[in-house]
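There are 2 protein chains.
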Amino acid sequence: MLSVTILGNNSAIPAFDRHPTAQIVTMDEHLFLVDCGEGTQMQMSKYKIRRSKINHIFISHLHGDHYFGLIGLITSMGLLGRVQDLHLYAPSPLKEIFDLQLQVADTQLPFELKFHPLQQEGIVVKDNRFEVSCFKVYHRIECWGFKFRQIRPIRKVNPEKAFANQVPSSFFDRLKWGEDYLTKEGRAIKNEWVTDPAPRAKSYAYSADTTFNECLAEKIKGVDLLYHEATYLKDLEERAVKRFHSTTVQAAQIAKKAEVSRLLLGHFSSKYEKLEDFEKEARDIFPNSELAIEGVTYRV
Amino acid sequence: MLSVTILGNNSAIPAFDRHPTAQIVTMDEHLFLVDCGEGTQMQMSKYKIRRSKINHIFISHLHGDHYFGLIGLITSMGLLGRVQDLHLYAPSPLKEIFDLQLQVADTQLPFELKFHPLQQEGIVVKDNRFEVSCFKVYHRIECWGFKFRQIRPIRKVNPEKAFANQVPSSFFDRLKWGEDYLTKEGRAIKNEWVTDPAPRAKSYAYSADTTFNECLAEKIKGVDLLYHEATYLKDLEERAVKRFHSTTVQAAQIAKKAEVSRLLLGHFSSKYEKLEDFEKEARDIFPNSELAIEGVTYRV
Numbered sequence: 523m524l525s526v527t528i529l530g531n532n533s534a535i536p537a538f539d540r541h542p543t544a545q546i547v548t549m550d551e552h553l554f555l556v557d558c559g560e561g562t563q564m565q566m567s568k569y570k571i572r573r574s575k576i577n578h579i580f581i582s583h584l585h586g587d588h589y590f591g592l593i594g595l596i597t598s599m600g601l602l603g604r605v606q607d608l609h610l611y612a613p614s615p616l617k618e619i620f621d622l623q624l625q626v627a628d629t630q631l632p633f634e635l636k637f638h639p640l641q642q643e644g645i646v647v648k649d650n651r652f653e654v655s656c657f658k659v660y661h662r663i664e665c666w667g668f669k670f671r672q673i674r675p676i677r678k679v680n681p682e683k684a685f686a687n688q689v690p691s692s693f694f695d696r697l698k699w700g701e702d703y704l705t706k707e708g709r710a711i712k713n714e715w716v717t718d719p720a721p722r723a724k725s726y727a728y729s730a731d732t733t734f735n736e737c738l739a740e741k742i743k744g745v746d747l748l749y750h751e752a753t754y755l756k757d758l759e760e761r762a763v764k765r766f767h768s769t770t771v772q773a774a775q776i777a778k779k780a781e782v783s784r785l786l787l788g789h790f791s792s793k794y795e796k797l798e799d800f801e802k803e804a805r806d807i808f809p810n811s812e813l814a815i816e817g818v819t820y821r822v
Numbered sequence: 523m524l525s526v527t528i529l530g531n532n533s534a535i536p537a538f539d540r541h542p543t544a545q546i547v548t549m550d551e552h553l554f555l556v557d558c559g560e561g562t563q564m565q566m567s568k569y570k571i572r573r574s575k576i577n578h579i580f581i582s583h584l585h586g587d588h589y590f591g592l593i594g595l596i597t598s599m600g601l602l603g604r605v606q607d608l609h610l611y612a613p614s615p616l617k618e619i620f621d622l623q624l625q626v627a628d629t630q631l632p633f634e635l636k637f638h639p640l641q642q643e644g645i646v647v648k649d650n651r652f653e654v655s656c657f658k659v660y661h662r663i664e665c666w667g668f669k670f671r672q673i674r675p676i677r678k679v680n681p682e683k684a685f686a687n688q689v690p691s692s693f694f695d696r697l698k699w700g701e702d703y704l705t706k707e708g709r710a711i712k713n714e715w716v717t718d719p720a721p722r723a724k725s726y727a728y729s730a731d732t733t734f735n736e737c738l739a740e741k742i743k744g745v746d747l748l749y750h751e752a753t754y755l756k757d758l759e760e761r762a763v764k765r766f767h768s769t770t771v772q773a774a775q776i777a778k779k780a781e782v783s784r785l786l787l788g789h790f791s792s793k794y795e796k797l798e799d800f801e802k803e804a805r806d807i808f809p810n811s812e813l814a815i816e817g818v819t820y821r822v
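Chains as they are written, first to last, in this note's numbering: chain A, 523 to 822; chain B, 523 to 822.
Just chain A, same shape as in the assembly (with noise of 0.2 Å):
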C-alpha cells in the first residue's frame, strides 16, 4: 500500500483554513513525514495520524511554510515520551537551528534524533520493502525533491505449476525475483512457466517548490502519482517565475513530458479563495490532475 495523506495544501501565509505545507506518505505499515508547516502538529491531531509511527522526516527546503512546524513536532514528540530514534533528513543548516533552540529551552529530547544532511542526489533510505530518493528542484534557495518507491517482487509463484516442475518451496523467493530454477538433472524450469507477473511496485514523487525546468521530468519519469506545485493558476506565470514558482499549466506540462500516471496539485497561492481553476487548467494539458485537499488521502 503506497498513499499520500495532505495536511497542509496553502503556500507561504495561511489563508482560508487552508495550512502550510505538509504530507504523511503511507508505505504498507511505515509513515513518512514530508514538509512540516506551521501547525502540523495540530492537523495530525486533527486527521488523526498516528506520529508514533513516524521514523522518517523528510523537508525540501528551509523555507518557513515547509519547516517551521517542526521543532513544535518534534518537542511533543519528546513531551509525550517518545524513545525509538527519529531520521531527519534536510538541507544541513536545519541541524544549527535546531540545536539553538533545545539549548536556549534547556531541553534534550529523550530520544535520539539522527540527523542526515542532503547532500547529492540519490537513495537517502531503503530497506527490503521501500527506498526513498531525493533530486534537486528549480527553486531561489537549495530545494530537495523526494521520491518513495516500493520494492516489491517482479513475479508471483504459481505453487501448483512449481511443485509439478520439482522446484522445491526454498527457490520460492529466488522465483519471484525472475531467476530459473535448474533442476538436480540440470534441467532448466523457465521462470515464466511457474509463476505470473506480480502486481507492480509503486512509486510517488514530491517535487517541492519549483520553477518550470524541463530536467525535473527526467528524475520522476514515470512514476505512478506526481506531486507537484502549482502555486498560481496560469496568466501569472511572470510572477511565478520571479518567484521560482510554478503555474497549473507548467505543472501538467511537467506531469505530461514525465510520463507520471496521475498529477496531484498543491501548494496554492493565498491570493486564491476558490480552487475550481487549478484542476481545470491543469487538466487541459493533462487530464489525470486533481487537487491536493487537506485531510484527503490518495492512494496511488
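These stretches of chain B come out as covered by chain A in the derived footprint (C-beta under 8 Å, 3 or more residues):
id, region
1, 556-566
2, 617-625
Here are the computed lysine-lysine pairs in the DSS-like style, where the Cα-Cα straight-line distance is at most 25 Å:
id, chain 1, residue 1, chain 2, residue 2
3, A, K658, A, K636
4, A, K779, A, K756
5, A, K796, B, K570
6, B, K793, A, K568
7, B, K706, B, K678
8, A, K669, A, K779
9, A, K793, B, K570
10, B, K793, A, K570
11, B, K568, A, K793
Hints were generated in silico from the structure; no laboratory data involved.
Given the structure is predicted, the values throughout are model-derived calculations rather than measurements.
Every residue gets a Cβ at the ideal spot worked out from N, C-alpha and C, and that includes glycine.
Fit chain B to the known structure of chain A by using the hints.
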C-alpha cells in the same frame, strides 16, 4: 480601554483544540502580543485580530510553546507587505535564532524588527497613555512577566466651576493632574473645587510560566486583572513544583496575597480535557477567578 483576548490557553502539547500560549492585550487603539506559541497566526485569523495594529511583541521565555509561532507570524507580516517598525521584547538568544532562520531562507524583512533583549526589571516601553514593564518570574529557565498599565489623568475638569473660579482653559491639562491654580491676584484655587475624580487607570499583569513563589505578589500588587498559570489541579502540587509550574490553589493564593481585583487562569496541562475544576478550586481561595478561554476577550 484595557482588555485581554486569549488566543492560546494550553501548556506545552496542543490538545482538545486548545493552543499554546498567546494573548492580545488591547490598550485604547494599541494591540500588544504577549507570547506566541505555534499556530498563533492562524488563531489571529480565526478571531479577526488585525495584525497590522500590533507594534510591540513580548516573549516571556524560550520554551517552544511560548514562541514557536513567532517566526511564522513575522515572516507572514513581511509577505503581507508590512513597512512599519515592529518592536520585539524577549530573552536575548531569540535574536540569534531569528537571524539564522532568516539567513538560511535568504529572506529580508521589508520592515525593521527592533529587538529589545530583556535584561532588568522595569519599564520596557512607555508613551503618554500607557506603559509596559517587565519583572522576573520563577521558572526552569529565564522567564519574564509583563505589567500593562494605562496612564490617565487623575482628575476630570468641571468647566463650569473652573470658569466661575477664573481658571483659563489653557490650565485644564494641569488641573487634570491635580495642580491648584493661582489667580493673577494671587488667590489659590484648590484643585478639588473645580475637578472631580477621574476614572482610575487600569492595569493587567501577565505572570507567564512560574512556580509558586510569594515574592511574585509584591511585583503585581493590586493590579486589576492578573493572569496566572495553573498548569495542574491542586492534587498535582508535587508535579507542579518539580516542573516549575503552579496549581489552581497556588495561583489563587498569589492573587489573594497580591490583592488583585480579578484572576484569570491558563496554561492548562494537556492531561485535562475538562476544565471546570480549575475554576472551582481557585474560587475556593479567591472567588473572583475565571478560566482563560480561547477567543474570549476579558475587559478590565
